[in-house]
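Student: Protein chains in written order, with the working numbering: chain A, 78 to 293; chain B, 78 to 293.
Don't take each hint at face value.
[Said to hold, decoys possible] Taking lysine-lysine and the BS3-like style, the derived pairs with C-alpha atoms no more than 25 Å apart in a straight line are:
| # | chain 1 | residue 1 | chain 2 | residue 2 |
| --- | --- | --- | --- | --- |
| 1 | B | 92 | A | 141 |
| 2 | B | 285 | B | 267 |
| 3 | A | 92 | B | 196 |
| 4 | A | 141 | A | 107 |
| 5 | B | 141 | A | 226 |
| 6 | B | 188 | A | 188 |
| 7 | A | 196 | B | 92 |
| 8 | B | 196 | A | 188 |
| 9 | A | 92 | A | 188 |
| 10 | A | 196 | B | 196 |
| 11 | A | 237 | A | 267 |
| 12 | A | 196 | B | 188 |
Bear in mind the hints are in silico, worked out from the structure with no lab data behind them.
Number of protein chains: 2
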Amino acid sequence: MVVSDFFPMWDTLTKEEQDQLTANTLLKKKEAGRLIHDSGEDCEGLILVISGQLRAYVTSPEGKEVTLYRVLPGEICLFSASCILKNVKMDITVRAEKETVYYLIPAHHYKNLTEHSAKIARYTNEILSTRFSDVMWLLEQIMWQSMDKRIAAFLLEEIKLEGTNELTITHEKIASHLGTAREVVTRILKYFQEEGLVELNRGMVTVKSPSALPRP
Amino acid sequence: MVVSDFFPMWDTLTKEEQDQLTANTLLKKKEAGRLIHDSGEDCEGLILVISGQLRAYVTSPEGKEVTLYRVLPGEICLFSASCILKNVKMDITVRAEKETVYYLIPAHHYKNLTEHSAKIARYTNEILSTRFSDVMWLLEQIMWQSMDKRIAAFLLEEIKLEGTNELTITHEKIASHLGTAREVVTRILKYFQEEGLVELNRGMVTVKSPSALPRP
Numbered sequence: 078m079v080v081s082d083f084f085p086m087w088d089t090l091t092k093e094e095q096d097q098l099t100a101n102t103l104l105k106k107k108e109a110g111r112l113i114h115d116s117g118e119d120c121e122g123l124i125l126v127i128s129g130q131l132r133a134y135v136t137s138p139e140g141k142e143v144t145l146y147r148v149l150p151g152e153i154c155l156f157s158a159s160c161i162l163k164n165v166k167m168d169i170t171v172r173a174e175k176e177t178v179y180y181l182i183p184a185h186h187y188k189n190l191t192e193h194s195a196k197i198a199r200y201t202n203e204i205l206s207t208r209f210s211d212v213m214w215l216l217e218q219i220m221w222q223s224m225d226k227r228i229a230a231f232l233l234e235e236i237k238l239e240g241t242n243e244l245t246i247t248h249e250k251i252a253s254h255l256g257t258a259r260e261v262v263t264r265i266l267k268y269f270q271e272e273g274l275v276e277l278n279r280g281m282v283t284v285k286s287p288s289a290l291p292r293p
Numbered sequence: 078m079v080v081s082d083f084f085p086m087w088d089t090l091t092k093e094e095q096d097q098l099t100a101n102t103l104l105k106k107k108e109a110g111r112l113i114h115d116s117g118e119d120c121e122g123l124i125l126v127i128s129g130q131l132r133a134y135v136t137s138p139e140g141k142e143v144t145l146y147r148v149l150p151g152e153i154c155l156f157s158a159s160c161i162l163k164n165v166k167m168d169i170t171v172r173a174e175k176e177t178v179y180y181l182i183p184a185h186h187y188k189n190l191t192e193h194s195a196k197i198a199r200y201t202n203e204i205l206s207t208r209f210s211d212v213m214w215l216l217e218q219i220m221w222q223s224m225d226k227r228i229a230a231f232l233l234e235e236i237k238l239e240g241t242n243e244l245t246i247t248h249e250k251i252a253s254h255l256g257t258a259r260e261v262v263t264r265i266l267k268y269f270q271e272e273g274l275v276e277l278n279r280g281m282v283t284v285k286s287p288s289a290l291p292r293p
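Please construct the entire structure, taking both the sequences and the accompanying hints into account.
Tutor: This is the structure we're talking about:
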């Protein structure tokens with residue numbers, strides 16, 4: 078993937094804007110589990126994910142985590158450049174969930190571009206809107222949905238991300254994604270197993286019948 | 078208030094941009110309780126609140142409501158122009174909570190402006206970021222906080238909005254703002270009353286000791 082692949086309006090940008098986007102871009106790599114953006118801390122820049130997977134999440138005062146969204150190949154992580162967003166007081170942490178290769182556009186370069194290009198400012202808007210939608214979806218899930226539907230939605234999302242129905246994941250890990258207790262996840266997964274929807278093995282959840290899982 | 082009061086970067090806009098913002102602006106009024114923006118429905122335009130108060134909220138499939146944020150005089154409501162935001166799939170409803178006088182900038186005019194002015198596009202970004210922060214705050218409240226702290230935070234917010242400690246509000250109404258049951262609110266308010274923090278009368282909650290209410 079090249080930088081232009083990340084900007085659908087690339088061809089409508091001026092030569093100068095295109096040059097500024099590419100000239101200051103760095104190619105980087107982070108191992109799985111490594112921190113990309115600490116809540117409220119640094120402001121490295123815009124991250125364009127080439128391969129791998131990032132996870133954006135919030136952490137409670139007691140250390141409980143809830144996944145907000147994932148950033149996948151071809152997508153842009155804006156919160157790693159949160160200093161360019163005014164009025165944003167969000168303690169979002171971003172971590173590499175898999176080994177991730179990405180382009181980094183330093184924050185001050187990108188900020189400069191959004192100040193002079195309506196197209197780039199508008200595109201920043203679109204990225205922000207998308208993440209806002211993700212968070213609204215999560216908010217509605219938490220507010221209106223029972224935990225069995227949230228776990229089902231999480232399993233279906235994982236199947237899509239991993240490309241397999243055999244998920245290597247612990248109950249502990251699922252609980253941490255959803256901000257609940259391991260016991261709750263275990264109880265609901267066992268219920269799914271009794272219903273013939275999943276098969277449970279140590280550190281694994283095999284979804285036998287994705288379409289039969291409870292839906293919102 | 079005039080239109081320029083709503084745009085802190087007004088003086089840096091071109092004469093043409095200023096003219097476009099004012100020329101197409103309508104002055105409107107909605108009575109308390111009237112709908113301003115229906116979830117996913119219409120896309121009237123950008124609303125600049127001169128006086129009154131708007132409430133943005135989401136509704137569950139069962140009709141339960143949760144307040145996302147308020148739009149106060151001097152502030153801009155962006156979701157009434159959600160069609161100008163790409164990728165936004167949010168079922169946010171906006172309603173006048175008090176009689177509200179506002180300027181309306183029709184959506185297609187504003188969209189046109191964001192397409193040609195980096196400054197206006199960036200400002201749209203700021204408004205969006207602010208609302209995103211509000212929703213993140215709510216998400217964290219719901220995820221990490223117990224209901225007593227959420228009710229306390231709601232009462233403090235109301236005191237600030239109404240400019241008085243004597244709030245004319247029913248338990249039912251508080252429950253609907255917070256997306257919980259009336260019984261839960263009544264139980265917690267009674268506990269607050271026993272602690273000498275509030276005084277309860279029919280349709281009224283008087284906060285006697287705001288600083289002693291439980292804090293996050």
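Student: Now tell me, hint by hint, if it's right for this structure.
Tutor: Hint-by-hint comparison with the structure:
no.	hint	in the structure
1	92(B) with 141(A)	51 Å, violated
2	285(B) with 267(B)	14 Å, holds
3	92(A) with 196(B)	21 Å, holds
4	141(A) with 107(A)	24 Å, holds
5	141(B) with 226(A)	18 Å, holds
6	188(B) with 188(A)	21 Å, holds
7	196(A) with 92(B)	21 Å, holds
8	196(B) with 188(A)	12 Å, holds
9	92(A) with 188(A)	18 Å, holds
10	196(A) with 196(B)	11 Å, holds
11	237(A) with 267(A)	22 Å, holds
12	196(A) with 188(B)	12 Å, holds
Violation of the numbered hints given earlier is confined to hint 1; every other hint is satisfied by the structure.
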